[in-house]
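K.L.:
Quick note, the sequences are listed as chains A and B, same order. Going by the working numbering, the letters in the first sequence line up with residues 1 to 111, in that order. Going by the working numbering, the letters in the second sequence line up with residues 1001 to 1118, in that order.
Calculated directly from the structure, the hints in this document are not laboratory data. Because the structure is a prediction, the values reported are computed rather than measured. Just so it is clear, CB atoms sit at the ideal spot from N, CA and C, and this is done for glycine as well. One should not assume that every hint holds.
[To be verified] Interface residues of chain A toward chain B, partial, derived using beta-carbon atoms under 7 Å:
id, residue
1, Gly42
2, Phe102
3, Gly105
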Amino acid sequence: DVKVTQSSRYLVKRTGEKVFLECVQDMDHENMFWYRQDPGLGLRLIYFSYDVKMKEKGDIPEGYSVSREKKERFSLILESASTNQTSMYLCASEDLTDTQYFGPGTRLTVL
Amino acid sequence: AQKITQTQPGMFVQEKEAVTLDCTYDTSDQSYGLFWYKQPSSGEMIFLIYQGSYDEQNATEGRYSLNFQKARKSTNLVISASQLGDSAMYFCAMREGIVAGTASKLTFGTGTRLQVTL
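All chains, please: the whole structure from these sequences, using the hints.
P.N.:
Next comes the structure, spelled out in structure tokens:
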């Protein structure tokens, strides 16, 4: 079974803080993704990575950056958290059939 | 224009009945893939079923099946013999043509909340 884990299920941060969201997959997948999910908007792609140290912007990259130093780990960074970044963040890993498997999600609240 | 449209924000179905969740899509690509995911209240997105644009047969996976109508650009999810555990949000997603050397991107609909009742 594909296993995608995220470092926290719930996170509360203050405006202006630097926030790290970690995602780890154990299936040696090359492609990994970060999404945010907001009510009525579905899932929106923030960034994705198709290899170590390779990354591409998704549809809403503003205010975010990513890091992929090792194949199994893909980190999402909020350089200076703002209240409009309060959301559910979902990480996914993709297999060779182009099917994406998701982690349990992190509910981030920025106060 | 929306690439994935799910017009039913909420649906109710009685236990043991079948239910159809609608999804229409918009693409000019010839090669694409369509996915359905389930999201229970716990938050995790669970992959259910996949249909490729060149697949001639409707996909089936246990109690899940797709009614894929390519000309109408629709891929409706049919859940047979509904169970209480099927209560969740259901998302339709599309992967369009892949560019070599990069990863495919999924576009998601806004979801349908299904409630299974006794």
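K.L.:
Give a verdict on every hint.
P.N.:
Hints and how they fare:
The criterion of a C-beta within 7 Å of any C-beta in chain B is met by A/Gly42, whose closest approach is roughly 4 Å, and the hint holds. Taking 7 Å as the C-beta cut-off, the interface hint given for A/Phe102 holds, the closest approach to chain B being about 4 Å. With 7 Å as the threshold, the beta carbon of A/Gly105 comes within range of chain B, its nearest partner Cβ sitting at about 4 Å, so the hint holds.
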